[in-house]
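J.: Residue strings, one per chain:
There are 2 protein chains.
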Amino acid sequence: MSTSHRKRPGRPSGTSDTRDRILTNARELFARNGIGKTSIRSIAAAAGVDSALVHHYFGTKEQLFAAAVHIPIDPMLVIGPMREAPIDELGLTLPSLLLPLWDSEMGAAFLATLRSLLAGDGVGLIRSFLQDVIAVEIGSRVDEPPGSGRIRVQFVASQLVGVVMARYILELEPFASLPVEQIAQTIAPNLQHYLTGELPGLS
Amino acid sequence: MSTSHRKRPGRPSGTSDTRDRILTNARELFARNGIGKTSIRSIAAAAGVDSALVHHYFGTKEQLFAAAVHIPIDPMLVIGPMREAPIDELGLTLPSLLLPLWDSEMGAAFLATLRSLLAGDGVGLIRSFLQDVIAVEIGSRVDEPPGSGRIRVQFVASQLVGVVMARYILELEPFASLPVEQIAQTIAPNLQHYLTGELPGLS
Chain A
1 MSTSHRKRPG RPSGTSDTRD RILTNARELF ARNGIGKTSI RSIAAAAGVD SALVHHYFGT
61 KEQLFAAAVH IPIDPMLVIG PMREAPIDEL GLTLPSLLLP LWDSEMGAAF LATLRSLLAG
121 DGVGLIRSFL QDVIAVEIGS RVDEPPGSGR IRVQFVASQL VGVVMARYIL ELEPFASLPV
181 EQIAQTIAPN LQHYLTGELP GLS
Chain B
1 MSTSHRKRPG RPSGTSDTRD RILTNARELF ARNGIGKTSI RSIAAAAGVD SALVHHYFGT
61 KEQLFAAAVH IPIDPMLVIG PMREAPIDEL GLTLPSLLLP LWDSEMGAAF LATLRSLLAG
121 DGVGLIRSFL QDVIAVEIGS RVDEPPGSGR IRVQFVASQL VGVVMARYIL ELEPFASLPV
181 EQIAQTIAPN LQHYLTGELP GLS
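Heads up: the sequence lines are chains A and B, in that order. For the first sequence, the UniProt record's numbering assigns the number 1 to the initial residue and increments by one for each residue that follows. For the second sequence, the UniProt record's numbering assigns the number 1 to the initial residue and increments by one for each residue that follows.
Just so you know, these hints were derived from the structure itself, not from any lab. Treat the hints with care, since some could be wrong.
[As the list claims (entries may be wrong)] So the derived list for chain A, only partly shown, Cβ under 10 angstroms to chain B, looks like this:
#: 1; residue: F110
#: 2; residue: V163
#: 3; residue: P189
[Unchecked claim] A few chain B residues that don't get close to chain A, going by computed Cβ distances all over 10 angstroms:
#: 4; residue: E28
#: 5; residue: K37
#: 6; residue: R41
#: 7; residue: A45
#: 8; residue: Y57
#: 9; residue: L77
#: 10; residue: I79
#: 11; residue: I87
#: 12; residue: T93
#: 13; residue: P100
#: 14; residue: A108
#: 15; residue: V133
#: 16; residue: R141
#: 17; residue: E173
#: 18; residue: F175
We put the beta carbon where it would ideally sit given N, CA and C, even for glycine.
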């Protein structure tokens, strides 16, 4: 988003205008600094509004992120069950939680978002989500030997991103038509290997 | 490429113009019909030139494909060693052959091609390459139980595409900075599992 907004002093005139300005600034800050280092307060300041208004419109920071990248669900609906799952079941839990979202009625919105992110400068947003949300949520639980958690999670991410690419962007057949449960079960042992197996170079 | 070219009767005036017209028609036909079902003759006919001229300029169909998608090597340099490798070593051979190309001086050209393909309608070309070249070359060798080879190879493709995405498009760190040998060795057992292991739904 390189569109520059004319700064207007005082209270913004229209609600829709204010929401858009918050989202634009959120996208810019999330992409530049990542989710972890971006605060609601800094977004509110950049948009020229009060933090309370941002919370009022969008809820938590995760919900604002989802709104900024047009993801039509609260990421906590996925992150919650991830936190609950035992470590040695994460290999199956992760794809079983994430892949069905792409086959749901939300899939079209995801796909449109992914395409536009890939085409433009939104790669920073996907990177932030993978590095800050997934790496922090999962990586800290599989950090054995210490320091390896982030790398383990990024191997998992590479397989999950690849499934999405093969299935929804490249539309390889018959891969794209396989039941999502079959995909999840097929990649599960490999994801588990990345999460808790012995990996070259990590010792 | 939806640009329509004015048809000119008779022999084309300039060599560079003829090459471009062949490449444009090759891209269109490869994307529409796949590599397997596209002949040099049909490309030559669409471009209004003799097949011999296409061979003269571009060599084999694989080389023409590589030129059409701006891949600066002959795919046979990769496909040859793939054919030589024993089946139970393919899990390591495939990433060891393919991933270093992305880290070589050709990497920038690959990346530019991938970005433009993802942004535009060139997805059909990547799909053709994966479905026709890789699936035929490798899939026929791991087709156990019969009919499973194509699916096995597409799981492999999903992991390889994901590595490329995570490393060169999303630039996840530290993943993007790991030695390519470490990536190849880490994903090798998983690729081998896809190629020759027991997979759910394939029996």
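J.: Could you run down the list of hints and mark each one as holding or not?
T.: Verification of the supplied hints:
Contact between F110/A and chain B, as hinted, is not supported at the beta carbon level, the nearest pair being about 15 angstroms apart and thus beyond 10 angstroms. With a least beta-carbon distance of about 5 angstroms to chain B, the hint placing V163/A at the interface is held under the 10 angstroms criterion. With a least beta-carbon distance of about 7 angstroms to chain B, the hint placing P189/A at the interface is held under the 10 angstroms criterion. Every beta carbon of chain A lies more than 10 angstroms from that of E28/B, the smallest distance being close to 18 angstroms; the non-interface claim holds.
Once the 10 angstroms rule is applied to beta carbons, K37/B is consistent with being away from chain A; the minimum gap is 14 angstroms. The beta carbon of R41/B is kept farther than 10 angstroms from every beta carbon of chain A, the shortest such distance being approximately 26 angstroms. The Cβ of A45/B sits about 28 angstroms from the closest Cβ of chain A, beyond the 10 angstroms cut-off, so the non-interface label holds. No beta-carbon of chain A is positioned within 10 angstroms of the beta-carbon of Y57/B; the least distance is around 29 angstroms.
Listed as outside the interface, L77/B is consistent with that label: its C-beta sits roughly 23 angstroms from the nearest C-beta of chain A, beyond the 10 angstroms cut-off. Taking the minimum C-beta to C-beta distance to chain A, about 18 angstroms, the non-interface status of I79/B holds against the 10 angstroms cut. Every CB of chain A is more than 10 angstroms from the CB of I87/B (nearest about 19 angstroms), matching its label as outside the interface. Here T93/B stays apart from chain A, with its beta-carbon at least about 16 angstroms from theirs, past the 10 angstroms limit.
Every CB of chain A lies more than 10 angstroms from the CB of P100/B, the least distance being 16 angstroms, so the non-interface label holds. Listed as outside the interface, A108/B is consistent with that label: its C-beta sits roughly 17 angstroms from the nearest C-beta of chain A, beyond the 10 angstroms cut-off. Here V133/B stays apart from chain A, with its beta-carbon at least about 13 angstroms from theirs, past the 10 angstroms limit. Every Cβ of chain A is farther than 10 angstroms from the Cβ of R141/B; the closest lies at roughly 18 angstroms, confirming the non-interface assignment.
Some Cβ of chain A comes within 10 angstroms of the Cβ of E173/B; the nearest lies about 8 angstroms off, and the non-interface call is violated. Remark: the non-interface label on F175/B conflicts with the geometry, its nearest Cβ contact in chain A lying 4 angstroms away (cut-off 10 angstroms).
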